[in-house]
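Q: What follows is the residue order along each chain.
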Amino acid sequence: MREPAVQTISPCTRRPQRGDSHPRRLLQWAFWLVVFLCPPLPAQAMVKVLVISNNWTGVYQGVENAIRKQFVPACAALESGCPDVEWRKANLDNEENLRIQIAEHPGLIVTLGGMAAHWVVEHPVASPVLFTLIPHQTFEAMASSLPGGLEYSALFIDQPFDRQFKLIKYALPKRKKVGVLLGPTSSKLKPSLLEAASRNGFTLNIAVLRDKARLGRSLQRLLDVSNVLLSVPDPLVYNRRSIFSILLTTYHSRVPVVGFSKAYVKAGALIALYSSPEQIGKHTAELIATFYRDAHTFSSKNVYPRYFSVAMNANVARSLEIRLPEEDELIDLLQGADR
Amino acid sequence: MEPYSEDIFLADLPVVLSASRLSQPLPEAPAAITVIDRRTIDLSGARNIPDLLRLVPGFQVGRSTGSRVTATYHGRSDQYARNMQVLIDGRSVYDPGSGGVPWFELPLVIDDVQRVEVIRGPNSATFGANAFVATVNIITRDPSEQTGGYARVSAGDPHEIEGVFRQAGSEGNLDYRVSLRYDANTGLATRHDDATTRSIDVRTDYRLSPDNAIQAKFGYLNAGRQDGFPDDILQPERNLHDRYHYEQIRFSHTRDADRGWQLQFYHNAFDIEDDFDFIRFSDILQIPPGRVGDPDWPLPWDDQYLKLGLGIRSHRYDLEFQQTLKPFDAWRIVWGVGGRYDTAASEALFGLDTEVNRHQFRAFVNTEWRLNDDLLVNAGAMLEKYEGISPRISPRIAANYRLSPHHSIRISASKAIRMPSLVEEFSNYRTRFQDGTTFDVLYRTSDIPAPEKILSYELGYIGEFPENGLTLDVKLYRDELRNTLNTTFDPDAVFEPDLVATNAIFGAATRGAFSTGNSGHADIRGWEAAATWRPLDNLQIRLSIARAWAIGQDRKAIHPTVYRQLNDQVPHTGGSLLIAYEFPGRLETSLVYHKVGSINWSGEGNDMPGYHRTDLRISKAFGIGDSDARVTLTIQNLENDYREFQRENLIERMGFLDFSLRF
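Going line by line, the protein sequences match chains A and B.
Counting from 1, position 142 in the first sequence corresponds to residue 274 in our numbering; the numbering is continuous, with no gaps.
Counting from 1, position 493 in the second sequence corresponds to residue 826 in our numbering; the numbering is continuous, with no gaps.
Warning: the hint list may mix true and false statements.
Stated by the list, open to error - For lysine-lysine, the following DSBU-like pairs were computed, each having C-alpha atoms within a straight-line distance of at most 35 Å: (1) A:K398 / B:K659; (2) A:K308 / B:K953; (3) B:K953 / A:K322.
Hint data in this document are derived by calculation from the structure and do not stem from the laboratory.
For clarity, every value in this text was computed on a predicted model and none was experimentally measured.
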């Protein structure tokens with residue numbers, strides 16, 4: 133039989149020991165009295181978790197599947213009891229159904245993606261909210277509009293700068309001059325970028341693009357002084373059209389690109405950290421399990437993905453004559469460094 | 334939604350760096366390759382591609398006039414180097430008529446070149462007949478990298494004015510570039526070779542979908558130039574008019590970086606207008622006009638003007654399908670089929686109302702096996718069926734072995750062929766009177782010449798010393814050339830009865846004719862080394878050295894047979910050194926030294942002594958408002974004047990001042 137783990141378990145679960153006699157009968161009476169008077173354990177109750185998204189295909193469905201699959205194992209890993217969860221889904225397209233679901237006061241709302249998060253901000257809810265699949269900049273911009281009393285947390289879709297610089301350190305050890313092309317949106321990240329770069333021993337060269345027609349020239353100036361390009365998402369700088377210019381120009385200067393998605397590596401970036409739907413779902417499940425263990429509160433607020441993979445483009449590596457470590461080795465190093 | 338959504342992380346993206354865009358790392362290439370990238374093009378101060386080829390070990394460049402230049406690998410060339418294949422964005426620019434490449438009649442603007450890959454060695458397995466001793470692959474910049482406007486104005490001494498204007502942009506899924514160029518120069522001081530050139534070159538890239546794209550290119554060039562020699566009857570000083578245009582379209586489907594297919598069509602048209610009739614009979618006889626028919630000169634003809642000139646129009650049409658497959662992780666295959674149609678017309682060279690042509694069908698395959706992490710085997714072959722001859726196969730096999738992470742060796746063997754040019758095969762070069770009757774036959778090929786053959790063996794080494802920023806590339810080779818094509822003179826060649834009369838009167842002056850045959854052979858062996866060194870971030874050094882020893886001969890004449898030694902046609906030594914240093918404030922300086930050993934050029938060329946030349950380039954970039962500007966001073970040939978290709982061609986010191994603006 134398992135040992136009761138932590139003090140959060142109600143004293144009502146203590147069982148009588150064997151070998152008691154007259155005092156034993158008295159204790160047995162006391163036990164059954166207490167059982168009737170004790171309230172049911174939270175772990176035995178049925179809770180509703182509402183997952184909201186504007187898109188129920190591909191990645192979003194993949195995340196939701198992973199959340200449901202990983203929830204029970206997540207609770208087991210925490211060694212807390214798992215509530216029975218009734219998983220509900222709602223689509224922003226069907227607002228009537230969405231409102232009905234919200235009115236039933238789910239125990240927890242999980243949003244997948246920026247549009248769902250935005251809806252929740254616009255239509256204040258009483259339930260605690262876990263915002264997921266959202267870039268940290270986008271979340272921070274909307275967080276100020278959240279009502280004061282709301283219990284919420286976020287799981288960002290992007291990877292922390294510190295982890296990205298460590299990736300460069302382990303994968304491209306000789307390249308210490310990092311170039312970053314920022315746009316109007318990402319330029320606000322300049323201070324945190326500089327801090328993460330300096331903490332990890334890199335020289336950071338930054339150019340801020342304000343006019344997309346100047347992309348080629350701004351990039352070229354950056355490449356003249358950098359030996360690796362770190363991509364920081366910004367819609368003006370990185371889009372389906374501009375990546376042609378970016379990948380070709382960096383390739384012709386023989387400067388590898390650290391991307392921000394698996395697709396970007398397929399297009400021609402040398403290496404990128406990304407979290408798959410399964411990994412995001414697993415982390416989300418763990419956050420939900422922790423939320424229940426911590427009596428419906430989020431003990432860690434606004435976190436970056438715990439689980440991630442490394443995508444690498446073997447053809448580009450070969451062409452640039454760069455030997456990359458194995459993915460497992462990199463993940464080990466990065467997870468070690470995270471602690 | 335501010336500031337942006339998760340889409341940027343989740344969206345699918347097209348493959349940009351596909352196999353065709355990625356250059357092979359040198360240690361894995363099946364041949365010795367010299368890559369000249371954009372940066373090196375700038376630092377070298379080269380005004381045109383042939384100038385750039387001087388930096389490639391084993392290459393010789395010879396200017397035959399101010400507006401004509403020939404570039405060859407391992408010598409053995411006249412003014413139309415016919416032994417190399419040259420491509421611009423996958424389109425052959427080899428002229429099927431006279432052979433060789435009309436370098437100064439290509440609408441290409443050097444400012445648009447991204448890189449030049451020179452494959453030093455036979456490569457018919459990939460590029461077909463004519464990739465005989467080398468292949469020059471010119472790749473232009475992607476328009477998406479050139480967005481905006483660009484203008485350059487250059488002034489040179491001896492007199493030259495050049496202007497380039499380019500506009501590149503994108504409209505939806507279309508990226509485009511339009512480049513215009515104007516050049517007017519007086520050429521070499523000792524030659525009658527002024528030239529004025531105007532050209533336009535357009536490239537468009539259209540993305541139909543993430544996997545499908547169309548590239549369409551076309552260009553047009555128009556040049557008026559002078560040519561000829563003083564007191565030369567067949568090539569007097571005169572004016573010519575050249576026109577060149579091309580159209581190219583390529584559809585490509587890229588499934589992923591290693592798989593896809595493409596279909597390409599192109600057409601080149603080259604027209605040299607060179608027909609003149611100001612030479613009279615009396616000029617040939619060197620007697621005063623009007624004296625023809627005198628008792629001293631009892632000739633059956635009047636003193637009429639002769640129709641002369643080397644005008645020629647040629648066309649090349651080519652269609653090719655190519656597919657790349659990767660059936661297994663370690664096995665990559667490229668295969669394809671294609672067809673080509675070459676045609677040429679020239680009153681002087683082939684005859685009045687005569688069009689000569691030749692078609693070709695081809696199929697090729699190239700496989701790359703990665704046997705293990707250290708061993709790569711490359712095998713390929715090209716099957717070609719030319720009209721009139723049996724099918725030919727040109728195979729190549731190469732193995733690359735990685736001795737250690739930074740050192741690898743390569744061993745390869747390849748066979749290649751070179752088809753005669755249309756002139757070599759169908760030549761019927763004669764001078765005529767105004768009424769069309771033939772005066773003299775100068776060059777007529779009677780038996781269809783066979784393709785010449787080369788069998789080449791090569792041992793290569795690539796070493797990288799990353800701590801020192803040093804790369805070393807060494808090649809040892811042995812080439813066996815057989816059935817080489819050359820012109821042989823036959824004093825007894827007789828064609829038509831009327832010419833018998835001419836010969837009786839003029840004797841040796843008109844008797845006999847040249848013809849093309851396969852009467853030669855040569856063995857060439859040597860080594861080439863190239864090193865690039867970057868000891869400091871702003872200091873770059875490129876060195877190339879070539880040594881060659883050739884033994885060969887062909888038949889210079891028959892009746893009686895006279896052999897010509899080919900040993901001197903391949904220079905024993907050659908080399909170049911480029912040193913470039915960038916000062917703070919975007920000030921670039923570079924010095925280029927190159928040296929060529931003595932070389933016996935054939936055709937119009939002469940046996941020329943070796944020479945060396947030093948070029949200097951100083952360039953400063955700066956911003957003007959929102960634009961990027963650059964001022965460059967280039968001085969070519971800092972040292973003494975020397976002669977190149979022909980004794981008449983004096984190369985003096987040349988200076989150029991460029992001002993360019995990117996806006």
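Q: Each of the hints needs a verdict: does it hold here or not?
A: A quick look at each hint next to the structure:
Note on K398 of chain A and K659 of chain B: the hinted pairing holds, with a Cα-Cα distance of about 16 Å set against a maximum of 35 Å. Among the hinted pairs, K308 of chain A with K953 of chain B is consistent with the structure: their alpha-carbon atoms are about 27 Å apart, no more than 35 Å. About 31 Å separates the Cα atoms of K953 of chain B and K322 of chain A, which keeps this hinted pair within 35 Å; it holds.
Comparing the model with each numbered hint stated earlier shows that all of them hold.
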